[in-house]
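Protein chains in written order, with the working numbering: chain A, 1 to 116; chain B, 1001 to 1117.
Quick caveat, the hints were computed from the structure, so don't treat them as lab data.
Warning: the hint list may mix true and false statements.
[What the hints assert, rightly or not] As a list, the in silico DSS-like pairs of lysine-lysine whose alpha-carbon atoms are at most 30 Å apart: (1) 1049(B) <-> 66(A); (2) 1104(B) <-> 41(A); (3) 55(A) <-> 1104(B); (4) 1058(B) <-> 64(A); (5) 41(A) <-> 1058(B); (6) 20(A) <-> 1104(B); (7) 1049(B) <-> 1071(B); (8) 41(A) <-> 1069(B); (9) 64(A) <-> 1104(B); (10) 1071(B) <-> 55(A); (11) 41(A) <-> 1049(B); (12) 64(A) <-> 20(A); (13) 1049(B) <-> 1069(B); (14) 14(A) <-> 41(A); (15) 41(A) <-> 1061(B).
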Amino acid sequence: GAVVSQHPSRVICKSGTSVKIECRSLDFQATTMFWYRQFPKQSLMLMATSNEGSKATYEQGVEKDKFLINHASLTLSTLTVTSAHPEDSSFYICSVPLAAGGSTQYFGPGTRLTVL
Amino acid sequence: AQSVSQHNHHVILSEAASLELGCNYSYGGTVNLFWYVQYPGQHLQLLLKYFSGDPLVKGIKGFEAEFIKSKFSFNLRKPSVQWSDTAEYFCAVNAVDWGSGTYKYIFGTGTRLKVLA
């Protein structure tokens, strides 16, 4: 299956700073990547769909200006949490679908963000 | 709205016990169904999937799941669990979102399985 990496794996930052999380598809070109957020003891919630070469598609309730997504190449998507606050502390996971539509996803290892 | 329900949030079993984790979804159209597993400290991995055909699908590590369309269910089973099966299990549904016309993934809340040696 596809190998997906995320960097950093863990980040602690002060309130008000911005944090960038990278998601890389190491052996598969991905025109689409997904970004999820997982709260403790809860399920994965889809935040947005990252589209290579075009704007990301955000789910209802997700602030576009707060969670900036850039899909600059077929192997890299970045999620920037701008002006982070403690309530943004969470586990952020990206995934790469093997094909468009209802395909299997391959997940990155996740990034634990803690905002102090 | 589409939703996925996993009825068991925590399950504790002894080794060699049989396992069944429930998953029900609400969606009237065609769906693709998945079970993902997350071992401690690791990322989510695909356990098995159903797209079409035989409703009884077999996955890795002896797991299987049965799609029962009339019950909107996709329960996960394993006849004899091992200590190494200790993990969190997520059921997921992938279907067309009628509002946007795109495929959406919806995950259940997960079931934490602990297998006692």
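Q) Are the Cα atoms of residue 41(A) and residue 1049(B) separated by 30 Å or less? A) holds, 23 Å
Q) Between residue 14(A) and residue 41(A), is the straight-line Cα distance small enough, at 30 Å or below? A) holds, 24 Å
(Q) Run the distance test for residue 1049(B) versus residue 1071(B): straight-line Cα separation, threshold 30 Å. (A) holds, 18 Å
Q) Between residue 64(A) and residue 1104(B), does the CA-CA distance stay at or below 30 Å? A) holds, 18 Å
Q | Hint consistency between residue 1049(B) and residue 66(A) [alpha-carbon to alpha-carbon, up to 30 Å] | A | Roughly 34 Å separates the two Cα atoms, so the pair is violated.
Q | Given pair status - residue 1058(B), residue 41(A), alpha carbons within 30 Å | A | With a Cα-Cα distance of about 27 Å, the restraint between residue 41(A) and residue 1058(B) holds, given a limit of 30 Å.
Q. Keeping to a limit of 30 Å between CA atoms, is the pair of residue 55(A) and residue 1104(B) held or broken?
A. holds, 17 Å
(Q) Please verify whether residue 20(A) and residue 1104(B) have alpha carbons no more than 30 Å apart. (A) Measuring from Cα to Cα gives roughly 25 Å; hence the hint holds.
Q. Are the Cα positions of residue 41(A) and residue 1061(B) separated by 30 Å at most?
A. holds, 25 Å
Q) Are residue 1104(B) and residue 41(A) close enough, with their CA atoms no more than 30 Å apart? A) holds, 22 Å
**Q.** Given pair status - residue 1069(B), residue 1049(B), alpha carbons within 30 Å
**A.** Status holds; Cα separation ~15 Å.
Q. Between residue 64(A) and residue 20(A), does the CA-CA distance stay at or below 30 Å?
A. holds, 15 Å
Comparing the model with each earlier hint shows violations of hints 1, 4 and 10; every other hint is respected.
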